[in-house]
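**Student:** Sequence:
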Amino acid sequence: MHRLRRDDSGFSLMEVMVGSAIMSVVMAIATAGLVTMYRTADRTESAALAQTALMASFSKLDTEVRYAYHIGTPYQTGDGNSLYAVDYVIPDPDNVQQCVQLTLPKAGGTLKRTIWPQRSAMSAGATVSAVAEHLESTDGTNPFRVQPSGSDGTNFDRMTLAVTSTVGVATNGATRAYQLKFTALNTVSETIACDK
Numbered sequence: 001m002h003r004l005r006r007d008d009s010g011f012s013l014m015e016v017m018v019g020s021a022i023m024s025v026v027m028a029i030a031t032a033g034l035v036t037m038y039r040t041a042d043r044t045e046s047a048a049l050a051q052t053a054l055m056a057s058f059s060k061l062d063t064e065v066r067y068a069y070h071i072g073t074p075y076q077t078g079d080g081n082s083l084y085a086v087d088y089v090i091p092d093p094d095n096v097q098q099c100v101q102l103t104l105p106k107a108g109g110t111l112k113r114t115i116w117p118q119r120s121a122m123s124a125g126a127t128v129s130a131v132a133e134h135l136e137s138t139d140g141t142n143p144f145r146v147q148p149s150g151s152d153g154t155n156f157d158r159m160t161l162a163v164t165s166t167v168g169v170a171t172n173g174a175t176r177a178y179q180l181k182f183t184a185l186n187t188v189s190e191t192i193a194c195d196k
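Here the sequence shown is numbered in the working numbering, starting from 1 and rising by one per residue.
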């Protein structure tokens, strides 16, 4: 006697191959989606961390300028006037006056802070540190602007820093513009300017 074959007794080779091909396409799409999702998350996290570090640097700068006795007029310095600069005078923990110079390359780059004793030339005992990286002037002019005390009806020197920053992954970073205003609440009119 001959038995009839049931419909669900197995799969043909063609059915297995078609099923495998469909599953491969679905897995390729899902994998590409997951990889894109992780790359986007990495870029976002990188930008957020860079933004947080930049804001922490500006906050520290705000605290320092707040206790400044004097903010000087912005100027250009370096080889061929390649740096925008401004200086201000702050007290150290022993209440000895220190000069601080902020510089930013005209072509953009790292905002640097140089500090030295006010009564000496900059080259004697100057300490240089980076404040923030990947900055450039917002409009191609000196990013430091100063309103001396008395010019706007207040008794305080005020400094504005106008820069753009590229944060995040170098090739996929986001550019943000900043116009930061700092007020020197300890402004005194007889403060000696810094020797450069």
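Check the hints yourself; a few may be wrong.
PhoX-like cross-link-like pairs, simulated, lysine-lysine; straight-line CA separation at most 20 Å [what the hints assert, rightly or not]:
1. Lys112 x Lys181
2. Lys60 x Lys181
3. Lys112 x Lys60
So the derived label-pair ranges between C-beta atoms look like this [to be verified]:
4. Asp79 x Thr164: 18 to 28 Å
5. Gln147 x Asp79: 43 to 53 Å
6. Tyr75 x Asn95: 23 to 33 Å
7. Gly80 x Glu190: 27 to 37 Å
8. Ala41 x Thr154: 37 to 47 Å
To be clear, the hints were calculated from the coordinates, so they are not data collected in a lab. Because the structure is a prediction, the values reported are computed rather than measured. By construction, the Cβ of each residue, glycine as well, lies at the ideal position given by its N, Cα and C atoms.
**Student:** Indicate, hint by hint, whether the structure satisfies it.
**Tutor:** Checked hints:
no. : hint                       : in the structure
1   : Lys112 x Lys181            : 18 Å, holds
2   : Lys60 x Lys181             : 13 Å, holds
3   : Lys112 x Lys60             : 13 Å, holds
4   : Asp79 x Thr164: 18 to 28 Å : 24 Å, holds
5   : Gln147 x Asp79: 43 to 53 Å : 29 Å, violated
6   : Tyr75 x Asn95: 23 to 33 Å  : 27 Å, holds
7   : Gly80 x Glu190: 27 to 37 Å : 34 Å, holds
8   : Ala41 x Thr154: 37 to 47 Å : 46 Å, holds
The structure fails to meet hint 5 from the earlier list, while all remaining hints are met.
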